[in-house]
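Protein chains in written order, with full-length UniProt numbering: chain A, 1 to 424; chain B, 1 to 373.
Calculated directly from the structure, the hints in this document are not laboratory data.
Predicted model, so just to flag it, every value in this text is computed and none were measured.
Built from N, CA and C at the ideal position, the CB exists for glycine as well.
There's no promise every hint is true.
[Claimed, not checked] Selected chain B positions facing chain A (Cβ under 7 Å, derived; list incomplete):
(1) V70
(2) P71
(3) A73
(4) C101
(5) T103
(6) Q109
(7) D110
(8) D117
(9) V119
(10) P122
(11) I152
(12) Y153
(13) Y269
(14) Y331
(15) A335
[What the hints assert, rightly or not] Under the rule of at most 27 Å between Cα atoms (straight-line distance), these lysine-lysine pairs were calculated in the BS3-like manner:
(16) A/K80 / A/K294
(17) A/K19 / A/K32
(18) A/K146 / B/K341
(19) B/K285 / A/K343
(20) B/K164 / A/K148
(21) B/K341 / A/K343
(22) B/K67 / A/K416
(23) A/K170 / B/K285
(24) B/K116 / A/K178
(25) A/K146 / B/K285
(26) A/K348 / A/K416
(27) B/K66 / A/K343
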Amino acid sequence: MSEQNTTPAAAPAKPKRPKSKSQLMAGALLDKAYNDAIEAKARGEKIGWATSLFPQEIAETLGLNIVYPENHGAAVAAKKLAEPFLHYAEAHGCNNDLCSYAKIDLAYADLLECSPASNMAVPDFLLVANNGCNEITKWFELLSRKYKIPIFMIDMTYNHLPQVTESRVKYIRAQIEKLIEDLSAFTGKKWDPDRFAEVMRISTANRNLWEQIADYLALEPSPLSGFDLFNYMGPMVFTRGREETGDVMRQLIAEIEEHIKNGTSTYPGEQHFRVFWEGIACWPYLSHNLKTLKKYGINVCATAYARAWSLDYTPGDIESLARAYSFTSSNNILMDESIRRRKEWNEKFHIDGTIYHVNRACKVMVCQQQELMRRVSEACGNLPFMAFDGDQADYRNFSEAQFETRIEAFAELMRKHKEELRNG
Amino acid sequence: MASLQENLQRLQEIAANPKAQLDRYLKSGRQVVGCFPIYTPEVLADAADLVPMGMWGAQTEFSLAKKYLVPFACPIMQSCMELALGGKYAGVKAVMIPPMCDTLRCITQDFKFGVKDIVSIPFTLPQNRRITAAIQYLTEEYGHVKERLEEIYEVEIREEAIAKSIECYNQHSRAMRRFSELANRHLDIITPTVRHGVFKSAWFMTKAEHLAYLRQIIGQLESLPDYEFTGKRVILTGITGEPDSFLKILEDHNMAVVGDDLAQEMRQYRTEIPEGDNGIVRLAKQWMERIDPMAHEDELRRVELLHGLCRENAADAVIVCLMKFCDPEEYEYVAYSQELKDAGITVLSVDIDQQPNSYDQARTRIETLAEML
C-alpha cells in the first residue's frame with residue numbers, strides 16, 4: 001500500500017491553524033485507545049470492533065478494548081488516505097454503491113495497514129447495533145466471515161411510532177442481558193453490575209459536558225466554530241465511558257469560556273449566518289467546506305449527527321439505556337420526531353438555514369431527506385435550505401464547484417429571508 | 001376445466017397486469033391491502049377477507065418519485081412511489097411496510113407523507129432471531145398491524161379465521177414447491193417466463209384462488225410424460241428475476257430456470273407457518289425460521305442453500321439477479337460469489353432494474369455464459 005502519498009487532486013492540503021490544548025488532548029486520547037487495543041492484542045487479550053452507536057457501556061464495564069471502524073474510516077478519509085482502500089474494495093467484489101466507510105474498512109481488513117492513520121488490531125469479536133443503519137449489519141457479517149469470529153448483536157428495532165414501545169424495550173433489554181452473559185463467557189471477563197452503573201454514570205456526566213459544549217453554539221456570536229465539534233467526536237464515540245474524556249471536555253469548556261470572556265471565537269471571521277448541518281461531515285473536504293462557508297460568514301451552529309452520541313438515560317437503569325440507544329439516531333426514528341427535534345434546535349440555536357449533505361454513502365439518511373427538507377422548512381417559517389451532493393468518505397462523489405455555487409446562492413437566500421423577517 | 005395452456009396463460013396475464021386485477025377486485029366489492037416487499041403478515045388481511053396484493057413496482061420511468069427519492073435508491077421503491085403518487089393504487093386503503101433495509105425504513109415515512117389517500121402500516125421485523133424475546137416482540141408488532149387493519153377496514157380478525165388462512169397459506173406454499181419440482185420435468189412448457197408468471201401471479205390473487213389454479217396445473221403436468229431438456233440449467237438468486245425481456249434472453253440461449261432463491265419467488269415458500277395455538281405467534285415464529293439475506297444470520301446459509309439448489313436440480317450455473325442499489329444483496333454477493341466459485345460453481349451477475357431498458361449488457365453476458373457452459 002502506498003497510500004501515504006495519495007492525496008486526491010481535488011482536495012489539496014492546506015496549512016492548518018495550531019491545535020488547541022483540548023484538541024491535542026482529544027487526539028492523544030484517541031491515539032491511546034487505538035494503541036491500547038494493539039497492546040491488549042499483543043498481550044493475548046481478546047479485542048473487538050464495534051459499530052459507533054453500540055452501547056459502549058458494556059465493553060467498558062468488562063474492561064475490553066474496542067475500536068470503531070466507522071470512526072477509523074472517517075479518519076482515513078479526513079486524512080485523504082481513502083483512495084487506495086476504495087479502489088481495492090471495488091476491485092475485490094464490493095459494488096461501487098456500498099457505503100464508503102464499509103469499503104474502506106473491508107479493504108483495511110485485508111490490508112491491515114494505513115500509516116500514517118492509526119491502525120486497528122485484528123478483532124476477535126464484533127459488537128453490532130443497527131440503530132445507525134441496517135447496512136452495517138451486513139458489513140459486519142462480512143467481517144465475521146472473513147475473520148471467522150462471532151458477532152454479538154443488539155437489534156435496536158427501527159421506531160415507526162413516536163416512542164420506543166414497551167415491547168421493544170423488553171426485547172432490547174433481553175438482548176443486552178444475553179449479550180453480557182455471552183460476551184463475558186467469550187472473553188473470560190467477569191461482569192460487575194456496580195462497575196456497569198459507574199460506567200453509565202461517567203458516560204452520562206460526559207454526555208452532559210458534550211451537551212453543554214454544543215449549547216455554547218446558541219450564543220450570538222458563537223464562541224466556537226460548529227465544525228470544531230467534529231474534532232471531538234472521536235472521544236465521544238470511543239471513550240464516552242471514561243473519566244479522561246471528561247478532562248478533554250472540561251478543557252474545551254475552559255477554552256470556550258476564555259473566548260467568551262475575550263469576545264473572541266474559534267470561528268475564523270465575522271459570523272453573518274447560523275446554519276444547521278444535516279448529515280455526516282464530508283470528511284475529505286472538511287477544510288474546503290469550512291473555507292467556503294467562512295467566505296460568506298456562515299457558521300454551523302447545530303447538527304443532528306454530533307448529538308446522536310448524546311445519550312440521555314438514568315445510570316443503573318438498563319431499560320432507560322435501551323430506550324436511549326434505540327431513539328438517539330435520526331436514522332432509527334420516524335420523521336415526525338426528526339422534524340420535532342430540528343424545530344426545537346433551529347429555535348434554540350437561532351438558525352438562519354439548513355445545509356443538507358446528500359451523502360452518496362448513506363441511503364438511510366438520504367432516502368427521506370427531501371421530504372424532511374420541505375417539512376422542516378415549513379415547520380420553521382419557510383426556513384431557507386440547500387442541498388449538495390457529497391459523500392462521507394469517497395472524495396469522488398463531491399464537486400467543489402457545485403458546493404461553492406450553491407453556498408453562494410444559499411447565503412443570498414438567507415440574507416433575503418433575514419431581511420424579510422426584519423421587515424415583518 | 002381449462003387446459004394447461006389456458007391456465008398458464010391466465011396466470012401470465014395476471015402477473016403482467018396487476019392493475020387490471022386490482023380493478024377487478026375493487027369492482028367486485030373486495031377490499032385490497034398493499035404488501036411491500038419482502039414479508040408482511042398477509043395472513044391477517046386474508047383472515048379478514050381482504051385481498052393482500054404485492055407491491056413490486058413496474059417497468060416505468062421515474063418522475064413523481066424524484067420528489068422523494070434520490071436516483072440511487074432501490075428501483076422497486078422508486079417505482080412503487082411513482083405508481084402510488086400517480087394514483088395507480090387508487091382504491092387500496094392501506095399498505096403494510098416492513099423496514100427490512102435502509103431504503104424501506106425511509107419508505108415508511110415517504111409513503112406516509114407523500115401518499116395521502118393510502119394509510120401506511122409499518123412494522124419492524126426483529127433481526128436478532130436467536131433470542132426468544134424476539135418472538136414476543138414480533139407478536140406485539142403484528143398485533144399492532146392487526147389492530148390497524150381492523151380499524152382502517154372496519155373488520156374483525158378472528159383467531160379461527162387466522163388459523164384457516166394459515167392452513168391455506170401453508171397448502172399454497174407446498175403447492176408452489178411441488179410446482180417448482182414438476183416444472184423441471186417439463187422445461188419445454190415451463191420456460192423461464194412461464195415459471196416466473198406462475199410465481200408472480202401469486203402476489204396479485206388471493207392464495208385460495210391461486211392455489212386452485214396451481215392444483216389444476218400440477219395435475220395437468222403430472223399427467224404428461226417427462227420432457228428431456230438438453231439445454232443449460234440455471235438457478236436464479238436475488239430480489240427479482242424480471243422483467244420478461246431479461247428472462248427471454250435465457251430462453252433465446254436455450255437456458256431453463258430450474259430453481260431459485262429469489263425474494264419474489266421461492267423465498268416466500270420455503271418456510272411454512274409452524275403449528276401452534278395462537279395464529280399471530282405462529283406468524284412470528286415463521287419469521288424466526290426463514291432463511292433470508294435481508295435478515296441477520298450468524299452463518300452464511302446462502303452458500304449452502306445455493307449449493308444445494310445446484311446439486312438437487314443438476315444446475316450448470318447460478319445467475320445473480322443483482323437489483324440495482326440493493327445494498328443487502330450487494331454485501332451478500334461479496335461473500336457468497338467467491339465461495340460458490342471456490343466450490344466449482346459458475347456464477348454470473350446481472351444488474352436488474354425497473355426502468356425500461358434493453359438488457360443489452362445482460363444479453364452479452366448471458367451469451368458468454370452459454371458459450372462457456
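The hints, checked one at a time:
{"no.": "1", "hint": "V70", "result": "holds (5 Å)"}
{"no.": "2", "hint": "P71", "result": "violated (10 Å)"}
{"no.": "3", "hint": "A73", "result": "holds (5 Å)"}
{"no.": "4", "hint": "C101", "result": "holds (5 Å)"}
{"no.": "5", "hint": "T103", "result": "holds (5 Å)"}
{"no.": "6", "hint": "Q109", "result": "holds (4 Å)"}
{"no.": "7", "hint": "D110", "result": "holds (6 Å)"}
{"no.": "8", "hint": "D117", "result": "violated (17 Å)"}
{"no.": "9", "hint": "V119", "result": "violated (13 Å)"}
{"no.": "10", "hint": "P122", "result": "holds (4 Å)"}
{"no.": "11", "hint": "I152", "result": "violated (16 Å)"}
{"no.": "12", "hint": "Y153", "result": "violated (20 Å)"}
{"no.": "13", "hint": "Y269", "result": "violated (24 Å)"}
{"no.": "14", "hint": "Y331", "result": "holds (4 Å)"}
{"no.": "15", "hint": "A335", "result": "holds (6 Å)"}
{"no.": "16", "hint": "A/K80 / A/K294", "result": "holds (22 Å)"}
{"no.": "17", "hint": "A/K19 / A/K32", "result": "holds (18 Å)"}
{"no.": "18", "hint": "A/K146 / B/K341", "result": "holds (16 Å)"}
{"no.": "19", "hint": "B/K285 / A/K343", "result": "violated (41 Å)"}
{"no.": "20", "hint": "B/K164 / A/K148", "result": "violated (44 Å)"}
{"no.": "21", "hint": "B/K341 / A/K343", "result": "violated (53 Å)"}
{"no.": "22", "hint": "B/K67 / A/K416", "result": "holds (25 Å)"}
{"no.": "23", "hint": "A/K170 / B/K285", "result": "holds (18 Å)"}
{"no.": "24", "hint": "B/K116 / A/K178", "result": "violated (42 Å)"}
{"no.": "25", "hint": "A/K146 / B/K285", "result": "violated (30 Å)"}
{"no.": "26", "hint": "A/K348 / A/K416", "result": "holds (21 Å)"}
{"no.": "27", "hint": "B/K66 / A/K343", "result": "holds (25 Å)"}
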